[in-house]
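Q: Starting from the given sequences, assemble the full structure and let the hints guide the process.
Residue numbers (the working numbering), protein chains in the order written: chain D, 1 to 551; chain W, 1 to 166.
Hints are computed from structural coordinates only; laboratory data are not their basis.
Any given hint might turn out to be false.
Unchecked claim - Below, computed lysine to aspartate or glutamate pairings styled on EDC-like, alpha-carbon distance capped at 16 Å:
1. D:Lys97 - D:Glu33
2. W:Lys83 - W:Asp132
3. D:Lys37 - W:Glu115
4. W:Lys83 - D:Asp34
5. D:Lys248 - W:Asp86
6. D:Lys175 - D:Glu138
To be verified - Far from chain W by the CB rule (all over 10 Å, computed), these chain D residues:
7. Glu18
8. Gly24
9. Glu33
10. Pro174
11. Met197
12. Arg235
13. Asp493
14. Ala499
Just so it is clear, CB atoms sit at the ideal spot from N, CA and C, and this is done for glycine as well.
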Amino acid sequence: MYRYDTLDREILADRSAEFREQVGRRLAGDLTEDQFKPLRLMNGLYLQLHAYMLRVAIPYGSLNSTQLRKLAWLSKTYDKGYGHFTTRQNLQLHWIKLADTPDILDHLASVDMHAIQTSGNCIRNVTADPYAGATAEEIDDPRIWAEAMRQWSTLHPEFSFLPRKFKIAITAAPKDRTAAKVHDIGLAVKRARDGAMGFEVMVGGGMGRTPYVGSTIREFLPANRLFSYLEAILRVYNRHGRRDNIYKARIKILVAALGAEEFARQVEAEWDKVGTDADLPDLEIARIRGAFAGGAFETLPPRSEAFEAAKASQLAFARFVRNNVKPHKKPGYAIVEISLKGIGETPGDATAEQMDVVADLAERFGQDDIRVTHEQNLVLPHIRLDDLPAVHAALAAVGLGTPNIGLVSDIIACPGLDYCALANARAISVAQHIAERFADADRAENVGELKVKISGCINACGHHHVGHIGILGVDKKGEEYYQLTLGGSGAEDAAVGQALGPALPYERVAEAVDTLVEVYLRERKDGERFLDTFRRTGVAPFKEAVYADVH
Amino acid sequence: MPTYIKRADGKLAVAEDAFTAVADDQDIAPGDVIVSLTRFEAEGDRLLAEGRQVGVRVESSEDVEALAYDLPRIAVVALAFPKFRDGRAYTSAALLRERYGYKGEVRAVGDVLREQAGFMVRTGFDAFEPADGATVEDLERAIHRYRHVYQRSADRRAPAFAEREV
Ligand code: SF4
Chain D
1 MYRYDTLDRE ILADRSAEFR EQVGRRLAGD LTEDQFKPLR LMNGLYLQLH
51 AYMLRVAIPY GSLNSTQLRK LAWLSKTYDK GYGHFTTRQN LQLHWIKLAD
101 TPDILDHLAS VDMHAIQTSG NCIRNVTADP YAGATAEEID DPRIWAEAMR
151 QWSTLHPEFS FLPRKFKIAI TAAPKDRTAA KVHDIGLAVK RARDGAMGFE
201 VMVGGGMGRT PYVGSTIREF LPANRLFSYL EAILRVYNRH GRRDNIYKAR
251 IKILVAALGA EEFARQVEAE WDKVGTDADL PDLEIARIRG AFAGGAFETL
301 PPRSEAFEAA KASQLAFARF VRNNVKPHKK PGYAIVEISL KGIGETPGDA
351 TAEQMDVVAD LAERFGQDDI RVTHEQNLVL PHIRLDDLPA VHAALAAVGL
401 GTPNIGLVSD IIACPGLDYC ALANARAISV AQHIAERFAD ADRAENVGEL
451 KVKISGCINA CGHHHVGHIG ILGVDKKGEE YYQLTLGGSG AEDAAVGQAL
501 GPALPYERVA EAVDTLVEVY LRERKDGERF LDTFRRTGVA PFKEAVYADV
551 H
Chain W
1 MPTYIKRADG KLAVAEDAFT AVADDQDIAP GDVIVSLTRF EAEGDRLLAE
51 GRQVGVRVES SEDVEALAYD LPRIAVVALA FPKFRDGRAY TSAALLRERY
101 GYKGEVRAVG DVLREQAGFM VRTGFDAFEP ADGATVEDLE RAIHRYRHVY
151 QRSADRRAPA FAEREV
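A: Here it is as structure tokens:
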């Protein structure tokens with residue numbers, strides 16, 4: 001985990017002081033809500049259906065136990081005792097009082113946290129692989145680059161009033177856990193033939209009303225030229241992105257309008273002029289690398305008797321291991337995913353007690369390291385196999401033992417009509433109904449990897465376009481209806497889902513998902529995931545089954 | 001004479017504005033004037049030949065590159081913020097200072113709010129016509145809000161990574 005130095009801390013303290021002053025002006029009546037709105041939105045404070053919502057940044061989804069405990073404490077003290085982890089690896093507190101926000105920011109700053117740029121038309125929290133530093137697949141630790149980008153983008157003088165929000169993702173592994181191809185910029189760490197490190201640069205991916213998979217505009221950008229290249233991209237976007245229509249203002253629209261080739265040409269022309277002045281010195285990258293307190297791994301045998309014994313004797317543990325435990329780069333260690341998708345729960349929600357337990361486990365067994373995934377789960381990246389039974393037992397005791405990572409009940413859902421002023425329809429309860437239908441763990445495991453993603457409106461915060469099954473809430477004469485899409489993916493095989501057919505009423509959604517799964521089970525050939533089968537058969541058999549009774 | 005806020009030697013002060021902003025449908029006023037880019041392109045040579053100082057107002061949709069060859073003759077470039085949310089003028093200012101080495105006044109006009117002053121100074125603005133009644137003190141506070149900055153910018157302020165090296 002990156003260790004803040006005095007400078008990093010002073011910047012946070014100054015930000016907190018600034019916001020305290022702005023809230024003071026608002027509470028004193030010196031600012032109207034209209035005048036205050038842009039200021040609070042610079043600090044992740046939204047006015048929602050029932051209360052203020054504060055979005056706390058969790059840079060590249062990385063936390064230590066002190067920070068997670070602080071989030072737990074804040075949720076108990078200023079909210080209703082729980083928080084909501086989002087698809088942007090952030091945490092939202094949904095029931096905040098305006099007058100409390102300056103104190104909350106001070107508390108966050110005391111543990112090197114903040115809410116800077118979690119809203120507004122600026123560069124948002126950088127998404128990174130939640131398995132960074134733990135997976136053997138990675139070429140480099142993407143957190144180093146993500147932290148460098150965090151610093152570079154924080155209060156950027158030229159790029160804080162972009163046409164629209166701007167999201168960057170970085171992955172260093174072939175298996176993409178960041179949805180890089182549906183970000184404004186996706187970076188994939190690559191090695192050239194001579195061993196030099198660099199990035200493949202993808203631009204213009206995104207969701208919302210007009211989903212796009214990003215286009216590669218540079219196959220290999222030398223690592224030390226990253227920041228000048230980012231500056232060139234952002235400059236072209238800042239100048240030429242549309243500002244007349246908020247739905248056409250994301251960079252994806254500019255890239256689509258110009259064509260990826262022409263966009264790339266403009267970026268390269270600007271990059272030539274920017275030159276190396278805008279690059280970060282190698283020394284600073286080395287400093288950041290050094291400031292990531294390196295996990296001290298023990299030399300362990302690859303096989304743990306305690307682990308094997310528990311697996312053989314406890315069904316629940318064995319199931320948890322099959323679904324939630326992933327291989328680690330070091331022998332004798334594992335990556336543990338903690339599902340925040342308990343059956344019947346709100347996807348992404350965690351109570352203060354649960355956060356405290358995870359923090360304790362990270363401190364005691366996990367090198368004080370916790371990650372948040374864009375699929376709204378948590379990760380303990382470095383757990384010894386020997387300790388896995390104890391970790392599982394402690395998680396299960398607070399309802400965090402759900403063995404469903406990547407399965408049909410591991411659903412992404414936006415807050416929807418329960419919280420969000422823009423929603424057409426509920427998303428959370430749809431997720432709950434689907435999860436309940438697949439509560440039988442054997443059946444869910446038999447179905448295998450299946451990503452269901454639900455958005456309460458076309459803004460697509462629930463990433464429905466890239467769900468293997470996507471569900472979008474629409475409004476039909478004041479009634480909640482749902483448009484289903486199939487075959488989307490946000491991973492390395494990214495694609496936008498394809499519509500299944502006419503929208504379905506609320507009561508029919510979970511049943512329709514069930515039907516889709518049955519078709520898949522009938523059609524699948526050996527080893528195929530739902531997505532693979534769909535891509536082979538096309539929409540026809542699925543469509544026929546779901547709308548059968550309509551004919 | 002109307003006033004605006006001008007930064008000189010790192011300090012802000014209220015200054016008298018010798019320039020008259022002339023809209024495209026108005027007659028050219030006597031004395032120093034700020035005209036639109038279009039008008040400058042048509043009438044700039046003549047105005048300059050009359051021995052007055054000339055400034056150019058560049059809208060956020062216009063490219064400062066159009067002024068590249070004229071910059072040494074231009075006393076003021078007024079960059080317009082039609083709305084505070086329109087951030088194109090920050091890029092325009094940065095280009096004027098960094099790419100073209102422009103030494104004249106870069107003035108923020110339009111929807112200029114105190115909260116933006118820090119970003120403006122960093123990208124090279126040195127003159128302000130605040131739309132929110134901000135005083136010199138308000139702007140100073142906004143400009144000096146942060147003890148450190150993370151990026152290099154037109155103001156040449158040492159970024160955090162340079163401070164760390166010392
Ligand atoms: S997708 Fe729509 S309903 Fe869901 S959180 Fe985003 S804006 Fe709100």
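Q: Checking one constraint from the list: CA of Lys248 of chain D to CA of Asp86 of chain W, max 16 Å. Satisfied?
A: holds, 15 Å
Q: Minimum Cβ separation between Glu33 of chain D and chain W greater than 10 Å?
A: holds, 16 Å
Q: Does Lys83 of chain W pair with Asp34 of chain D here, judged by a C-alpha cut-off of 16 Å?
A: holds, 14 Å
Q: Does the claim that Gly24 of chain D lies off the interface hold, with its Cβ farther than 10 Å from every Cβ of chain W?
A: holds, 13 Å
Q: Could you let me know if the closest chain W CB is still more than 10 Å away from the CB of Met197 of chain D?
A: Holds, since 19 Å exceeds 10 Å.
Q: For a C-alpha distance cap of 16 Å, please report whether Lys83 of chain W and Asp132 of chain W respect it.
A: Distance of about 12 Å is within 16 Å: holds.
Q: With a cut-off of 16 Å on the C-alpha distance, tell me whether Lys97 of chain D and Glu33 of chain D pass.
A: holds, 15 Å
Q: For Glu18 of chain D, is the shortest CB-to-CB distance to chain W above 10 Å, so the non-interface label stands?
A: Violated: least Cβ distance 5 Å, not greater than 10 Å.
Q: Taking 16 Å as the top limit, are the C-alpha atoms of Lys37 of chain D and Glu115 of chain W close enough?
A: Within the cut-off at roughly 12 Å; holds.
Q: Say whether it holds or is violated: Ala499 of chain D keeps its Cβ farther than 10 Å from all Cβ of chain W.
A: holds, 34 Å
Q: Is the claim that Asp493 of chain D lies outside the interface with chain W correct, judged by CB distances over 10 Å?
A: holds, 35 Å
Q: Taking only the CA atoms, is the gap from Lys175 of chain D to Glu138 of chain D under or equal to 16 Å?
A: holds, 9 Å
Of the numbered hints stated above, those contradicted by the structure are hints 7 and 12, listed in ascending order.
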